[in-house]
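Top to bottom, those sequences are chains A and B. Just so you know, the numbering used here puts 82 at position 82 of the first sequence, and the rest follows in order with no gaps. Just so you know, the numbering used here puts 1084 at position 84 of the second sequence, and the rest follows in order with no gaps.
Keep in mind the hints are simulated off the structure, nothing from the lab. Quantities reported herein were computed from a predicted structural model and do not represent experimental measurements. Treat the hints loosely; a few may be bogus.
Unchecked claim - Below, computed lysine to any residue pairings styled on SDA-like, alpha-carbon distance capped at 20 Å:
{"hint": "1", "chain 1": "A", "residue 1": "K170", "chain 2": "B", "residue 2": "L1044"}
{"hint": "2", "chain 1": "A", "residue 1": "K116", "chain 2": "A", "residue 2": "L36"}
{"hint": "3", "chain 1": "A", "residue 1": "K170", "chain 2": "B", "residue 2": "L1023"}
{"hint": "4", "chain 1": "A", "residue 1": "K170", "chain 2": "B", "residue 2": "S1002"}
{"hint": "5", "chain 1": "A", "residue 1": "K170", "chain 2": "B", "residue 2": "Y1020"}
{"hint": "6", "chain 1": "B", "residue 1": "K1085", "chain 2": "A", "residue 2": "L36"}
{"hint": "7", "chain 1": "A", "residue 1": "K170", "chain 2": "B", "residue 2": "N1051"}
{"hint": "8", "chain 1": "B", "residue 1": "K1095", "chain 2": "A", "residue 2": "Q174"}
{"hint": "9", "chain 1": "B", "residue 1": "K1085", "chain 2": "A", "residue 2": "T163"}
{"hint": "10", "chain 1": "B", "residue 1": "K1040", "chain 2": "A", "residue 2": "V224"}
Said to hold, decoys possible - Beta-carbon label-pair distances, calculated as ranges:
{"hint": "11", "chain 1": "B", "residue 1": "V1017", "chain 2": "A", "residue 2": "P433", "range": "40 to 50 Å"}
{"hint": "12", "chain 1": "A", "residue 1": "I440", "chain 2": "B", "residue 2": "M1001", "range": "46 to 56 Å"}
{"hint": "13", "chain 1": "A", "residue 1": "P106", "chain 2": "B", "residue 2": "N1051", "range": "31 to 41 Å"}
{"hint": "14", "chain 1": "A", "residue 1": "S478", "chain 2": "B", "residue 2": "N1051", "range": "54 to 64 Å"}
{"hint": "15", "chain 1": "B", "residue 1": "S1061", "chain 2": "A", "residue 2": "L15", "range": "44 to 54 Å"}
{"hint": "16", "chain 1": "B", "residue 1": "I1067", "chain 2": "A", "residue 2": "G76", "range": "43 to 53 Å"}
{"hint": "17", "chain 1": "A", "residue 1": "S478", "chain 2": "B", "residue 2": "R1086", "range": "32 to 42 Å"}
Virtual Cβ for every residue (Gly too), placed ideally from N, Cα, C.
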Amino acid sequence: MTLPPFVWLILWLILSAPFVYIIGRIDILTDSRRNLARWLSLLCIAAGWLGLGRTLTAFYEAGNIDLINSATWTLGAITMRFDGLSVLMACLVMTLMTAILFYSGPYVGREEGVEKHYALLLLLTGAIIGLVSAGDLFNLWMWFEAMAITGYPLVVFYTHDRTSLEAGIKYLVQSSAGSVFILLGVALVLLSTGTLDILEVRAAIDTTVIGTPLWITAGVLFIVGFGVKIALVPLHTWLPDAHAQAPSSISAILSAVVIEAGLIALLRSLSALAGAAVTWGGLLIGFGLFNIAVGNLMALRQRQVKRLLAFSSIAHVGYMILGLGVALYVGTEAGAQAGFFHLLSHGLMKGLAFLAAGALLYGLQHQLGASDDSDPGSHKGLEIDDLSGAAQRYPIIALVFSLALMSLAGLPPLAGFMSKWQVLMAGAQAQDPTLLIILIAAALFSVISLGYYAPLINRLYRHKPAVAVANGRTIPLSMTIPLLILAAAIVILGVAPMLAGQLTAPAAADLLSFITR
Amino acid sequence: MSPLQLSFMGIIALLGVGLYALLASRNLIKIIIALQIMTKSAILALVVAGNATGRINLSQSIALTVIVVDTIVAVLALALVVQIKRQTGHLDAAKLTDLRH
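Hey, can you work out the whole structure from these sequences and the hints?
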């Protein structure tokens, strides 16, 4: 039996994880100072890039962006398909994971449980690529759970820290309650069509099924279930805690990839319920506006840098689902492409922002810890005020951090501006008065967001360095280089947004293929 | 009343009990039990759906997989609860408020 390259890629990432753990464990027990687990996981990711290269070559050669003609692998009732959506997410997750593995070396250092952390990162990569190439609804749920299960121990990396434990249990309880709703939705689809394969479900729908209460209930259950993971607004309460308490490298992965993977899973499951696309589009637009409003307003009153970034993730999820909702609502490819472009650029810029904040935290950690002897069990967060004048001590980190923040705020010529602009323009082309009001509100909230990004940049550049900053520790090169690469990517995508088209156009065509059937 | 309707009532009742327990209890172990009850309602729904559409083999294998995944989640959750008890000395979800600001 020949396996398509993308299955090899997933298998490789998942099967290599236990070896990384075992060898890392032996390395720790023999008390060497080589940090084998990190080098081994970098090696595994490098081999993964070869697999991804093969996959992409096969994908672009075949030119089959559509789900129907995509590379397929079937085993019994399990179907895996690698299509346009999968390409986008697979490239994003591999890029960020490589940056993060380089970065984690000094950042996580030799903390307790570091070998588990590397093995889990590999598993998470495999689970996300599996999730985005799942071809049937139950398989989708299983990969989704695999992603969630690898995520919990990563959030609770500091197992002796009370706040991490609190964030972890909140995340676990809310996320597993959400997955119950997804399963109920899967059961309803099975009941009304007798199959779970996404293509067969689509084909099995005759027009009488669409719009029946059962069908709508299934879709709503999917939105609620996956909505917990992508932090749709009433279900978002776990996100700021989990993203702020995890180590910064993990926050970057959670914010930049995991919520996006949840969004792709939601789109996939809704794409099976085609026909009611206008309903789902309207719902997504509504949730999008809620997310933009709540995320931006809550971020305004945060004092902690990582909590602020976490709330800004909620707002940015809003822009993504606004674009994708417009695409489903009016059926334009421009909207879908804009939504996916924002997904890509948010992944890069939020990853960069969390990593840069983590680098500053790494530099200042010892200084900050000294003033906080009352509660030694708690990893103190980085407050905005702690960063006074950091640009003088850490000019490069401050520069890339400001670039990421300006891109998140949507200032030209950075990637965040181009993607937000495309989302708004795609919506405006629909010529719908209600939609226009929503878009104007979204644009105004984008201006409000400057109200919390600008003071941060101001702190970095226009204040006298605090004592803690002046005595901060040097940040090693292996943390700086991944940051510079991500920053370059943001600038390049901002100047030449058509470069992203290679990834976003197939995804958009793939998403729309089910509406215009 | 048809068997399908009857089993639907069972599913909704189980889900309702689970959701109520999830929202009303403060003890972390009881919260995890509530999650388990909710998952059981989903498993029942899958088996009922498979039975009604003649795909009982598919839904049985799905149900087994869900039970395995569910156990992994429960083990992880209980490990977290043990650690919370060690660090804070209590199991009260309402007292875990370090992050509320």
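Going down the list of hints, with the structure as the test:
no. : hint                          : verdict
1   : A/K170 to B/L1044             : violated (26 Å)
2   : A/K116 to A/L36               : holds (12 Å)
3   : A/K170 to B/L1023             : holds (13 Å)
4   : A/K170 to B/S1002             : violated (40 Å)
5   : A/K170 to B/Y1020             : holds (17 Å)
6   : B/K1085 to A/L36              : violated (33 Å)
7   : A/K170 to B/N1051             : violated (35 Å)
8   : B/K1095 to A/Q174             : holds (18 Å)
9   : B/K1085 to A/T163             : holds (13 Å)
10  : B/K1040 to A/V224             : holds (19 Å)
11  : B/V1017 to A/P433: 40 to 50 Å : holds (46 Å)
12  : A/I440 to B/M1001: 46 to 56 Å : holds (53 Å)
13  : A/P106 to B/N1051: 31 to 41 Å : violated (56 Å)
14  : A/S478 to B/N1051: 54 to 64 Å : holds (56 Å)
15  : B/S1061 to A/L15: 44 to 54 Å  : violated (22 Å)
16  : B/I1067 to A/G76: 43 to 53 Å  : violated (18 Å)
17  : A/S478 to B/R1086: 32 to 42 Å : holds (35 Å)
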